[in-house]
Amino acid sequence: MRPGRFFHGGTVAVTSLLACVICCGCGAVTTEVQESNASTEEGPVSQPGIRIVNRSATELSLSFTDAELLEYTLTFTRDAEEDHWQPRTPAPRGFEFGNPDPVYASRARQRSLGISAQQALQTLDGAIAARPMDDVTIMRTHEGVAINLWQDGAITEIWYVGSWLQEVHDHAARLEVAASEANRMLCCRKESRPGGRDVPAPNLDACAAALDGLPEHFNAACRCLAAACAMCSHGDPAGDPACTNEQQQRSELACLTGGPACEVPPPPPPAAAPWVDDLFLTLWEIRDRLEAIIDPAI
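Residue numbers (this note's numbering): 13 to 310.
No wet-lab data here; the hints were simulated from the structure. Hints are not guaranteed to be accurate.
To be verified - Here are the computed distance ranges between Cβ atoms for each label pair:
#, residue 1, residue 2, range
1, L293, A79, 17 to 23 Å
2, A120, P253, 50 to 56 Å
3, D164, T87, 28 to 34 Å
4, D252, E71, 19 to 25 Å
We treat Cβ as the ideally placed atom computed from N, Cα and C, and that holds for glycine.
Please construct the entire structure, taking both the sequences and the accompanying hints into account.
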């Protein structure tokens, strides 16, 4: 007994052939439904699946049932239909619900089940409720949520909640670079503040992906995480008055993300949280699936 789109429209790719299935902001579903386990009706749960509890243009509530028939509901919101879904309530990073021991299906396993590279990794859409699955693993990442759907003993599909995948795709398409370089750029991103200051604004999921990449990407991610970590002072319960609450949180997470992975941990060296290893493995798997979609097209 265990403890208890990428893009709107379901798929995306850089090539013009695959770009025709993108329907940004339309809420349409372009994935091929192999079988439906979706239900909006109340009743006793008899098998793993996903049920749409509530859906509108700006809110989506999903009830997940895992292999042990335990249920869990998550609600996602967005300001407008063209925006990506975001979790309505925060939660601790790392494992959240379902099977706590993720095993990721190889590309060969995915192909044997008729799952394309685009179906293996998508941004959250209501279409998820119609996908075949026999278990689920929900993982909170730095920037969003990874909903992992299992078939035959392994995770075949990952549905990401948040804007990271779209940001990588947009950088790669616009600049004609590989996904790994796009992740490096997002990790080292800066934003302007009043007074003409540019401060670190890393996408921390992108940083985690870059830390498992080429040496130059690893080194760049470590430098950018160190800069973000040092952006605010730490240890004062009231935070750093020079940093906004968002900056303070991002700075602390940058310390945590860079500390265990980089050769010289950013100051102050944090203790590794228990969820770090599982989270890194999840983000690296997403990175691999993202590269399978983006890189063949450049």
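Structure-based check of each hint:
Between L293 and A79 the CB atoms are about 20 Å apart, so this pair conforms to the stated range of 17 to 23 Å. For A120 paired with P253, a C-beta distance near 54 Å keeps the hint of 50 to 56 Å intact. Taken as a hint, the range 28 to 34 Å holds for the pair D164 and T87, whose Cβ atoms sit roughly 30 Å apart. Between D252 and E71 the beta carbons are some 34 Å apart, a value that contradicts the proposed interval 19 to 25 Å.
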